[in-house]
Every structure is written in C-alpha cells, then in structure tokens.
Amino acid sequence: MTSIAKDGSVKPSVASLFSLSGATGPLIGLLLLCAFLTFASDSFMSFRNFLNIMDQITVLGIMAVGMTFVILIAGIDLSVGSVLALAMMVLGYLNVEAGMPMSIAITGALAAAAICGGASGMMITTFGVPPFIATLAMMSIARGLANMITNGSQIIGFPAWFNMSAIIRYGGVLTMTVAVMLVVFVLAFVFLRYREGGRSLYAIGGNPEVARLAGINVNRTTVLVYVASAFLSGLAGILLAARLDSVQPSSGVAYELDAIAAVVIGGTSLSGGTGGVVGTIIGVLIIGVLRNGLNLLSVSPFLQAVIIGLVIVLAVAAETFKRR
Amino acid sequence: MKTTFKALIAATAVASIAGVAGADEVKKIGLAVPNLQADFFNQIKLGVENYGKELGIEVIVADAKNDTATQVSQVQDFMTQGIDAFIYIPAGAAAAAVPTRLARAEGIPVINVDRFPEGEPGDTFIAGESIESAYQVCDHIIKLAGGEGKMAIIHGQKGTTPEVLRFQGCERAINENPGVELVTQQWSQMWSPDEGFSIAQNMLQAHPDLKIIFGQADGLAMGAAKATDVAGLSDQVIIGGYDGDVAALEYLAECEGPFVVTATQSTQLMGRLAVDSAIKVAAGESVPERQTPNAVLTTCEDAPQYVEQHP
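The listed protein sequences derive, respectively, from chains A and B. If you're matching positions, the first sequence starts at 1 in the working numbering and goes up one per residue. If you're matching positions, the second sequence starts at 1 in the working numbering and goes up one per residue.
Note that these hints are calculated values from the structure, not bench results. Computed from a predicted model, the values in this text were never measured in an experiment. One or more hints might be untrue.
Unchecked claim - List of simulated lysine to any residue pairs, SDA-like, C-alpha gap at most 25 angstroms: (1) B/Lys65 to A/Ile156; (2) B/Lys28 to B/Glu132; (3) B/Lys28 to A/Glu97; (4) B/Lys65 to A/Ala254; (5) B/Lys158 to A/Thr150; (6) B/Lys158 to A/Ile141; (7) B/Lys28 to A/Ile156; (8) B/Lys150 to B/Lys65; (9) B/Lys280 to B/Gln268; (10) B/Lys28 to A/Ser300; (11) B/Lys158 to A/Ser153; (12) B/Lys27 to A/Thr38; (13) B/Lys28 to A/Ile312; (14) B/Lys158 to A/Glu97; (15) B/Lys65 to A/Ile141; (16) B/Lys65 to A/Glu97; (17) B/Lys28 to B/His207; (18) B/Lys28 to A/Thr38; (19) B/Lys27 to A/Ile28; (20) B/Lys65 to A/Ile312; (21) B/Lys158 to A/Ser300.
Claimed, not checked - Derived contacts from chain B toward chain A, CB cut-off under 8 angstroms, selection only: (22) Ile60; (23) Ala62; (24) Asp67; (25) Thr68; (26) Ala69; (27) Val72; (28) Ser73; (29) Gln74; (30) Thr80; (31) Gly82; (32) Ala97; (33) Lys158; (34) Gly159; (35) Val183; (36) Gln189; (37) Tyr306.
C-beta: ideal position from N, C-alpha, C; glycine also.
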C-alpha cells in the first residue's frame, strides 16, 4: 500500500500512488469477472452463492495473508501446504487419538506449525540458505511428519460442534470459520499499514542492508515472518479440518502455489517491498470467484485449469507492463 | 446458535419429506469425481454423460483433483446450481461425509460409486466386488509363478475403500499359498503410472529376486511393468493389475510384457446404473443398498474384445 523509499523515509505522495496501482487493477478485474458471471450464470449473483464463496476461500485467504508477509520481504514460502497438513494431523492426533480437549489440540497444532516456520526462518537467517531451498526442505519434512503421525491414514471422529462451526451461519451470515478469516484480514491490514513492525517489512523487502542500517533487526523480523506464515497455515489447517470433519496427511498439496498466485494476482511484487493485504484479499477473491463461477457454468474441469492459468499470466503481465 | 441449528434441522426435515413425497423428475445430475486423470473415473464419467445424453438429462461434472477440500467446494456449487440428483465418488481417504450432508440438506438423492464415506452412506452404493476379484487376480499371478516366490504389492491411496478391499482379497490368495512370501509393500498417493514405476523400481532394487507384483490399479501395474523392463527382469517377474483401463487393455492385447492379467471393471455400466438409481430414488422407488457390477478377470486372450467395447 504505502511504500518506504529506498532511503528509509516515507514519501506520502509516492505512497498513495502505490496504494492505487497496487490494488485497483485486480479490483477492476474482479468486478469485471463478477459482472460477466452475473450475465453468464443464473445462479451466480445470489446472497447464498456469495456466502458459499466466502466459505470456499477461507483456507486460501488465511494462507495468502501469511504469504503476503513473506513475499513483502522478498522471500517465498513453499512449505505452507505441508505445514497445513502437519497441523491438521497434530490436531487430529491430539484430539481423537490421544483424547485431549479441543483447546489443547488446537494449541498443539498451532505450536507445531509455528515451530516449522521458526525452523525455516533459522535456516534462512542463521545458515544463509535461500528461502526457496529452505522452505522446499520444510515442505518435504512437514509432509513426511504429517504422514508419520498415522502412517498415512486419515483421522475422523471430531466432536460434532467442530464441523458445525463451518456449517452453521450465525445470524444467517457468518460461519465461525469465515469470521476467523475476516479477523485475520483486519489484523493483518492494520499491522502492515499502521504498526512499526509492519512498515519494517516493506523496508526489508526494499533493501535489507539499508533496513539493517536504519536500525531494523532484519534477522529477527525474517524469522518472525516465517513463523507468522507457518502459524497462519496451521490456523488454516484447523479451519479446513472443521470444514471436512476429518484430517488426512495428503491435504493441502500444491496449496502453496494457490497462495503465491493469489498474492501475485493481488499486485504484490515477487521481488519484495511493494504490495499489501488488500491486494491479496482481492487476489484470493478472484481465484475463489473464478473457480466458483466456472463450476456454476459447468465448464469442463480440463478447460478450468487452462483458464485459471491464463488469468495468472494475465495478472502478472499487466503488473509488469504497468511497471515499465 | 440453537435457533439456527433447529432451523437447519427443520429445513432438512422438510426438504427430505419433499424429496420422498414428490415424484421428482431428474433433469440435472451433478457428478463429483476424485480425479479425471485416472482412466477409471474418466470411464465412469463417460458412462454417466453418454447415458444422460440418451435420456435428455444434463450432467455437470466436477473434478476434485484428489483434494477433499476442493470437492466440498464443488459440491456446494452443485447445490447452488440446483441439481436434482448427486452422484458422489469421494476424493481421498477421508471420504468427507460433508458432501453427503450437503445433498441431504437439499433432500436430493445421493448415489455413491466406488467409494462411500464412513458413517454417511448414500441411497445406494455401486461398486465392483473388490475382494473376490482381487483374489482372482492374485491367485492367477501366483499360479503363473508356480505357487511360490517373493511377492510385492503396490497399494493405491492408503485407506480408500478399494485400497483396503483389494488388499483383503489379495491377502487371501497369498495366505492360501505358503510358498509365497510378501516381502515388500508400498502405498501410492494417486494410483498413477509414474508412482508405480518409481515404487517398483525401488522394490526391484531392494529385492532383485522378486517374482510377483500386484499393482492395485492398472496405472500402478503399467508403471511397474515399465520398471521391470528397465531392470531387465521382464522374464522373471509376473505382474497383475486391476480396473481394466483402456491403456492397460491395449497393453494386454499385445501380450508381450510382464503385466499379464487385470480385473476389468464395468465402468460404463456403473455410470448407467448410477443414473438409473438416481432416477428411481428421486421418483420414490426403492433401490438396493449395494449394487455390484462384477469385475471380469481379463488375460491376454480376453483383452482384445474389451478394447473393442469397454463394458
């Protein structure tokens, strides 16, 4: 949204410009998409379908927020899908197999996810492993651990309220899971825009050396960013478990690619330093609306894959073109 | 919360009463498949689509790409589209009960094919009789190997209905032949040829004297056959598969490799049965809880006829 210039000072005029160019392109794309689908499908433009879309983007939305932090500091996190699976399996193991109350199981799942993020962050900062490699390694490790917990089988048998929290719409609108996503959105937005810690992410993404000289503890912040990303993946995993009423270690394969796609479509630059959560939310909505709309239009599954690929290319190409 | 929950139950009750009482006509069917990359599911899809076309029923297909979460979203979208019947092949081992609940809430028929979610069965379950057929395949390859030797099994996705049942059947054949030693087994995620290839390659590396391999799906068996060729062990190893995929039947028809037998499932028939059952349930007629279009043991000699016309 706003950007800190390379010398570390905030330039409001430039900032407002970035705020526009960061999210307006994707927003126009989203509105066009919705307009098209309204005409093309009878069932798209309804309150109920809108609520369905909100349900469907919950997991991706929360993961994409974490991914936004990571990409803002010019990193990448390939492990989110696997960490999600690990958190789900820990949750299932603690609650169903070990018979612990849900509060402890959820805490354990989130802690397991956060530890993964901490490990990735340490690999990157202490040992100088490039983020791509460090999180690639974590992707494999977390997936393996998730499979080891039950030797590859699924776990079912959560308490009834758990699935209900993803089904019952309080006040006819909000399921518990969607509410959690909205809270994450608001917190992330406020943090990135108004908190010193959030601003420092832009500085690190712009130029880590300058950020360090400006007094930001780059290593510590980097580790915390990967912890946050993994923690949010764990949270997404818990919500996914509620939605599916079961956990299985093969969950979340290739979700990291969806999360990266959402962030990039939302206008956050892969080279770091520019972008923000609002763009990401729009990116998530574009992916969600597109998938939902193509299903409603009964577009063949094979063609759907092609269209989604084309949209990603279009979004990135438009972004690059604008930068020239 | 209580009122919402009550409302939900009330809505479900009203909807299911409506579903039973009204002799509803089926105009639109939603078919949720785990993964269209697997020929087995693609054949079922073709069966449903072709039969739907004959009857003038619109068929909507959703491919979950083996992801349970994707499938739940797709089924939600089905409900928005107002389908009259739901043919459900659960993706993944967790076999989420959620899609069935969603359909029940709308009061529409749920037809399970090949797999069904534990605790939340549909109106009918259509699947080949896996245990007996798997027994026949394993029995066949064990006999060909002279009733003894080291054996390996390449499983499908762990915990799915076919994976569990096919193993049960094959295990029976193994137990009947004390000379056969099951030395190694591995699970695949996608039932796919590339997985079959790499798994078999590792197995042959660890056990070069392997004589019998059972791939729980034709994709796995085809991959294993390639790996055996590469290892130069085609003369020593005998491979059995399952499903009767088109590619596998063509391979068997040539009768040149180590992969010699499969159980051909009547996939197209399953699709037709599913549509028929959906129409019956919607009209308030009763259907059997379990329908079993049997798989046929297929060797080199029988394969050409099934290549011509898939059952």
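Verification of the supplied hints:
no. : hint                 : result
1   : B/Lys65 to A/Ile156  : holds (21 angstroms)
2   : B/Lys28 to B/Glu132  : violated (35 angstroms)
3   : B/Lys28 to A/Glu97   : violated (41 angstroms)
4   : B/Lys65 to A/Ala254  : holds (11 angstroms)
5   : B/Lys158 to A/Thr150 : holds (11 angstroms)
6   : B/Lys158 to A/Ile141 : holds (20 angstroms)
7   : B/Lys28 to A/Ile156  : violated (32 angstroms)
8   : B/Lys150 to B/Lys65  : violated (35 angstroms)
9   : B/Lys280 to B/Gln268 : holds (19 angstroms)
10  : B/Lys28 to A/Ser300  : holds (16 angstroms)
11  : B/Lys158 to A/Ser153 : holds (6 angstroms)
12  : B/Lys27 to A/Thr38   : holds (23 angstroms)
13  : B/Lys28 to A/Ile312  : violated (32 angstroms)
14  : B/Lys158 to A/Glu97  : holds (18 angstroms)
15  : B/Lys65 to A/Ile141  : holds (23 angstroms)
16  : B/Lys65 to A/Glu97   : violated (29 angstroms)
17  : B/Lys28 to B/His207  : violated (52 angstroms)
18  : B/Lys28 to A/Thr38   : holds (21 angstroms)
19  : B/Lys27 to A/Ile28   : violated (37 angstroms)
20  : B/Lys65 to A/Ile312  : holds (19 angstroms)
21  : B/Lys158 to A/Ser300 : violated (28 angstroms)
22  : Ile60                : holds (5 angstroms)
23  : Ala62                : holds (6 angstroms)
24  : Asp67                : holds (7 angstroms)
25  : Thr68                : holds (5 angstroms)
26  : Ala69                : holds (6 angstroms)
27  : Val72                : holds (6 angstroms)
28  : Ser73                : holds (4 angstroms)
29  : Gln74                : holds (6 angstroms)
30  : Thr80                : holds (5 angstroms)
31  : Gly82                : holds (7 angstroms)
32  : Ala97                : holds (6 angstroms)
33  : Lys158               : holds (4 angstroms)
34  : Gly159               : holds (5 angstroms)
35  : Val183               : violated (19 angstroms)
36  : Gln189               : holds (6 angstroms)
37  : Tyr306               : violated (25 angstroms)
This entry does not satisfy hints 2, 3, 7, 8, 13, 16, 17, 19, 21, 35, 37, going by the numbered hints stated previously.
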